[in-house]
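The listed protein sequences derive, respectively, from chains A and B.
For the first sequence, our numbering gives the first residue as 1, with consecutive numbering after it.
For the second sequence, our numbering gives the first residue as 1, with consecutive numbering after it.
Among these hints, one or two may not hold up.
Unchecked claim - Below, computed lysine-lysine pairings styled on DSSO-like, alpha-carbon distance capped at 30 Å:
1) Lys168(B) with Lys123(B)
2) Lys214(B) with Lys27(A)
3) Lys27(A) with Lys123(B)
4) Lys27(A) with Lys166(B)
5) Lys222(B) with Lys27(A)
6) Lys222(B) with Lys37(B)
7) Lys214(B) with Lys168(B)
What the hints assert, rightly or not - Quick look at which bits of chain A chain B covers, simulated, 3 or more residues with Cβ under 8 Å:
8) 94 to 100
9) 118 to 132
To be verified - Computed list of chain A residues with no C-beta within reach of chain B, every gap over 10 Å:
10) Val9
11) Ala32
12) Val33
13) Thr79
14) Phe110
Hint data in this document are derived by calculation from the structure and do not stem from the laboratory.
The C-beta atom is built at its ideal place from N, Cα and C for all residues, glycine as well.
For reference, the chains in residue letters:
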Amino acid sequence: MSLMLSLIVAVAAFNIVSALVMMVVDKTTDVAVLKTQGLTTTSVMTIFIVQGSLNALLGLMLGTIAGIVLTLNLNEILTSLGISILGLGQTLPVQFSLAQLSLIILGTLFMTLFATLYPALSAARVQPATALRYE
Amino acid sequence: MSQTQQVLLQVQHVSKHYHDGEVTTQVLSGVDLTVYKGEQLAIVGSSGSGKSTLLHIMGTLDTPTSGNVMLDGEDLYQLSSARQAIIRNQDLGFIYQFHHLLPEFSALENVAMPAFIQGRDKKQALVDAQNLLERVGLGHRLHHIPAQLSGGERQRVAIARALINKPKLVLADEPTGNLDASSGNNVYAMIRELAQQFGTAFVVVTHDHSLAAKMDRQLTMKDGVLQVTANPPAVGLAE
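Chain A extracted, bound-state conformation:
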């Protein structure tokens, strides 16, 4: 179960990486222009880390809320959909652990933050002279 969950989070983290990398490529000229105006390498990194983290946080929030609601009402939802996994009259045992939930949230937060680092670094490495020459 935890292996499956880690894989799902890993895929999500890769999505963050690829979305941000696309954004960095798209914004290379803008980053170069801002650097010529005196924006520091650290600030460029911060912009992309904040951008990635905000998306991650939003996703985490929505995911957690939807997850909790679905989990707590799992049997009702299954019944209303007419799906019976364990046979008629039987319900799935639902165990809700706050410790597990916090662990998952923290782990996801850590992985997504880590995922923003590579795109942020590549944005910070943009050389204005090179980026503006090949316009």
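Fit chain B to the supplied structure of chain A, relying on the hints for placement.
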């Protein structure tokens, strides 16, 4: 140009080569250049002559293979990248052939951007930006985004942006390369007027000799070396 003029920027024996595999391209071969405070200097040369590279090196955007660049007594390439960024923000302005305005922001915000980066109060920065835009004749285009402006207007926004932090030196790379003759003339007239009014030195790289001839001093870049072409200053182009 008088003997009393103060030196603003000195390029000392700057060379630049690029390595591409086993091929080495020599772009600049020992360039010496002195820019004085408040002067308007044109560098002409065919494309590929290294003039843009020189401009980038003067603006801390590219590193020389050898040689120094001194701005107001500071050796630019001995400084940390953070200090270089502060110098780009406060002492230098850049104008490019392609205006390079940020597409999502209005003319006003584009002009105010360097002031935001500097950390100036947001309201004050916007007021200063508005004054400058009115100064370049774009008071009626404050809230237009670059896509809604004409080529000449975009370039005027870019000029206003280069001046917002009252830099000592503005480096312009083919500022009129993308404009028709009349817009180009207007942009040059504006550069000259603002340079005199603000006391800002301008170094303009161009291949248009007629526009270059309107500047105080004109140099030609050929095969990675600078040569005097016209209006030789009393104080020599380099030591």
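Tested hints:
1. A threshold of 30 Å between alpha carbons decides the hint, and for Lys168(B) with Lys123(B) the separation of about 24 Å falls inside it, so the pair holds.
2. Among the hinted pairs, Lys214(B) with Lys27(A) is inconsistent with the structure: their alpha-carbon atoms are about 36 Å apart, more than 30 Å.
3. For the hint pairing Lys27(A) with Lys123(B), the CA-to-CA distance comes to about 27 Å; that is within 30 Å, so the pair holds.
4. For the suggested pair Lys27(A) and Lys166(B), the alpha carbons sit about 27 Å apart, so the restraint of at most 30 Å is met.
5. At most 30 Å may separate the alpha-carbon atoms for a hinted pair to count; Lys222(B) and Lys27(A) exceed this at roughly 34 Å.
6. Using a Cα cut-off of 30 Å, the hinted pair Lys222(B) and Lys37(B) holds, with the two alpha carbons roughly 25 Å apart.
7. For a cut-off of 30 Å, the pair hint linking Lys214(B) to Lys168(B) stands: about 20 Å separates their Cα positions.
8. Judged by the Cβ-Cβ criterion of 8 Å, the stretch 94 to 100 of chain A is not covered by chain B as claimed, because only 0 of its residues qualify and three are needed.
9. Counting residues of the stretch 118 to 132 of chain A whose beta carbon lies closer than 8 Å to any beta carbon of chain B gives 4, which reaches the threshold of three, so the coverage claim holds.
10. For Val9(A), the shortest C-beta to C-beta distance to chain B comes to about 32 Å, beyond the 10 Å cut-off, and the non-interface label holds.
11. Not every CB of chain B lies more than 10 Å from the CB of Ala32(A), the least distance being 8 Å, so the non-interface label is violated.
12. With a cut of 10 Å on Cβ distances, Val33(A) falls inside the contact zone with chain B, its closest approach being about 5 Å.
13. Every CB of chain B lies more than 10 Å from the CB of Thr79(A), the least distance being 49 Å, so the non-interface label holds.
14. For Phe110(A), the requirement that its beta carbon stay farther than 10 Å from each beta carbon of chain B is met, with the minimum near 29 Å.
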